[in-house]
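Using the sequences provided together with the hints, build the complete structure.
There are 2 protein chains.
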Amino acid sequence: MDPLNASTDYERIFHPERIAIIGVSGKGAGFGARLFYSLRAIGYAGEIFLVNPKGGQLDGHEIYESIEAIPGGFDLAIIAVAASAVPEALEACRLKGAAAAEILSAGFSELGTPEGMALEKQIMDVAARGIRVIGPNCFGMYVPKSGLTVLPGPDLSREPGPVAFSSQSGGMAVDFANMGKSTGLTFSKVVSFGNGVDLRETELLDYFGQDMQTRIIAMYIEGVKNGDAFFKTLKKVAAHKPVIVMKGGLSAAGSRAVLSHTASMGGSARIWEAILKQANAVQVFDMSEMARTCLAFTHLQPGTYRHISVLGGGGALGVAAADAAEAVGMKIPPFSPDLKTRIDDLLPRPGSSGANPVDVANPFVAPQVLKDVLLLAAEDDRIELQILITLFHHYKTIAQMMGMPVKDIVPYNELAVGVAEVIDKTSKPVVLILNNPKRGLDHMDVVEMIEEARRAFLKRGIPVFDDLKEAMGAIGHINAYYGGKTDE
Amino acid sequence: MDPLNASTDYERIFHPERIAIIGVSGKGAGFGARLFYSLRAIGYAGEIFLVNPKGGQLDGHEIYESIEAIPGGFDLAIIAVAASAVPEALEACRLKGAAAAEILSAGFSELGTPEGMALEKQIMDVAARGIRVIGPNCFGMYVPKSGLTVLPGPDLSREPGPVAFSSQSGGMAVDFANMGKSTGLTFSKVVSFGNGVDLRETELLDYFGQDMQTRIIAMYIEGVKNGDAFFKTLKKVAAHKPVIVMKGGLSAAGSRAVLSHTASMGGSARIWEAILKQANAVQVFDMSEMARTCLAFTHLQPGTYRHISVLGGGGALGVAAADAAEAVGMKIPPFSPDLKTRIDDLLPRPGSSGANPVDVANPFVAPQVLKDVLLLAAEDDRIELQILITLFHHYKTIAQMMGMPVKDIVPYNELAVGVAEVIDKTSKPVVLILNNPKRGLDHMDVVEMIEEARRAFLKRGIPVFDDLKEAMGAIGHINAYYGGKTDE
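Quick mapping for you: the protein sequence lines, in order, are chains A and B. Residues 1 to 488, numbered by the numbering used here, are exactly what the first sequence covers, in order. Residues 1 to 488, numbered by the numbering used here, are exactly what the second sequence covers, in order.
Derived from the structure by calculation, the hints contain no laboratory data. Here the structure is a predicted model, which means the values were calculated and not measured.
Here are the simulated distance ranges between beta carbons:
hint : chain 1 : residue 1 : chain 2 : residue 2 : range
1    : A       : GLY227    : B       : ASP345    : 34 to 42 Å
2    : A       : SER268    : B       : GLU273    : 22 to 30 Å
3    : B       : ILE398    : A       : GLY72     : 30 to 38 Å
4    : B       : ASP408    : A       : ASP445    : 20 to 28 Å
5    : A       : GLU273    : B       : GLN368    : 40 to 48 Å
6    : A       : GLU47     : B       : ASP338    : 46 to 54 Å
7    : B       : GLU159    : A       : GLU273    : 40 to 48 Å
8    : B       : SER66     : A       : MET402    : 30 to 38 Å
These stretches of chain B come out as covered by chain A in the derived footprint (C-beta under 8 Å, 3 or more residues):
hint : stretch
9    : 106-112
10   : 145-155
11   : 316-322
12   : 448-458
Note that beta-carbon positions come from the ideal geometry of N, C-alpha and C, so glycine has one too.
Shown next, in the form of structure tokens:
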């Protein structure tokens, strides 16, 4: 690998003012046209130039017959022509002074054919002459701040945030970007780099490490090009920003699949585990875990949370909480008899328990009571974080009896305000669990109410998870990361 | 534990024609009244008698002043009076000839007080004189066929099915029953038995083992009363029906939580793992995994599925599939060059791959093409099961461009019909993955479309999972169970 290129103009790459899309059918089909529509839909505000040898128009937008015919230069090229035409198009973009090109086209080394390999080599040669390449065989970049979007991505969020994600897989990049709107994750940059002939994991990691807009770095890796450089960079970056890594192809079978996907070399599960641990990076095993972990890092202050309180309904939740906590090295210390009694006094009887975990026994306990319990629980000096499990779906029964829409009777706004006050007063974070077993067609109103509730909490900076065990796992990763840092 | 009671009249317990609810407030509040409303809402067709010393009416329904005042006998009592009044009420029900009583009331041994213990002992004494007791501190029973429902449960499905579930936790029972409507799980019986002073895990397991309406047995266990009897029964039943067990409180902390929840003794994680393995029971670690596993057992024929094909979009899915398959001992054998070429010829180029996993490269490949690929893949004699990963959420983009509702343009019905034909022709099961990262408030139309699609597949007997890795885990459990059986 070349030394990390300090002169790359990332500003022009991630916030381009002028974009050329090379390979746009006037019929509106194909990757080029779809990305054009997506950029318009998401509201990219810069200039877009379209290119196709046949010329013509797309939705009233002129199509230039050649790259050379574009008036003036452009910052970023998006190339979506047939593989065989890519090297020439790339060279033309370089001559136009583009800072980078993202190449959506497939048909290179991932085919495993001599022709594919040769074409990819040609791309590398052009890149070496002075244009950065993202791809080929990728879905591009999503940058909420500038309105750049991955393929297809017309409806991704424009709200910028702290998470950067680099992915060898385009599908993973699109899925993860899409998950932002539902989970509350917000992004600085998402980069799908496919075969990664030029700009790829190590250099992006280094850049994200320096990027002021990025606080948390997530990576989907199938294989790295230069293990030593990657490890060195990972160690350097993870020392000051959390880096969360999902390594695909850890199994023997998965490793073979990696070869045909992005033609990169894998590495055994044990080696990866050791490398990531040594660099104090966080290892996750699927994209949902990645999303939860990023969300936890987004909303929780740096530090460790080893002693927690859990407040929920049903004794089995307490059992599940204890199991889940112990699995990630967290403790749910029982409250003192005095504190327990004061909490007991707030709760409906019988069936409730003011110990830790607190069993409120009834899903309809008023937000004010839950708030008061959280305030009391925070008085225990050992408690560093509180988990509140809501059971809002049970309101459906009441809504039906009252003949009212369920979202009108669930006090999620009041609870969100109350929880935010608790966090303010106690300086201890509260994590919310929005449990919902009612997800079928008959309960779309419950599903929608849960999403409204999620938004109410997220907008107050309160992280929300679907499941207690999954939330504990995410918090466990925070403890591992910050615990690992202080050990140094 | 007493010898298993062969004379218990389970027919009267699970399909009661007359129910008495003891402890119903005329104001409609409390467990008794709520269960009354729930029974009416779900459509229980038998007679219901309400009892409260104050008499009066609830919604036009007469309230008797005493149990003795009820005209004639009843099959099942539902007791929801204060703990101290439970033994006397139970005795009165026994004298009325009730086959059983479910006691919703809490305030017994789970409190850990001498009073609670003493009251529980009194219940046991009455039970020993000839009435079966479910509870106390439980949420009752859900039996779709008879319209019996757990608390609150007014909107659970009335469709009967093969899964029986017994649960020490009421919350788990309600959640699991609720999950039926969204996951497609259908139940023969769900029993929440709380403190389990009488009828509990071992006897229910034995009964479910003999019950003609039950094919699959699921259990949430916090602790068992008699380890030897439980193990003996488990081994006997698991020899002819799959038994899926979630043990709560496996950690040290969880074990302490169990004590305050249902006052039962736990047991270490290692012991439980060994016991369950030896009995060829299936161990799961959360309720979602339980639901997925039951769904797989519901729809897949007895047998093992060790060689599979995977058909999806995106190379990373192939990598993930390979990793997930290997983790549960399954193989995704590459197709012969000839078969690969024939599949390649059906797929869009470039970016696709006809190897196994098959990467269709495009989420909009027509159902007819997917069907043809499945038919070709089934020609490989090694393949025992096929997994089809759909990416229906991508249609949202097209729907927006066309100005049409997304559910009108997604060809899920056509695909469901096609897949059902493939299963018919090839006699090899197909498992569907309905992946959806678009779950936020902006995408409620996608969420609803996905649920419509889920129903279209489920009603044709095709199991549907949200996630590939999770589906593989469920199939892995089937392999472990039937593989374990043949080893004997």
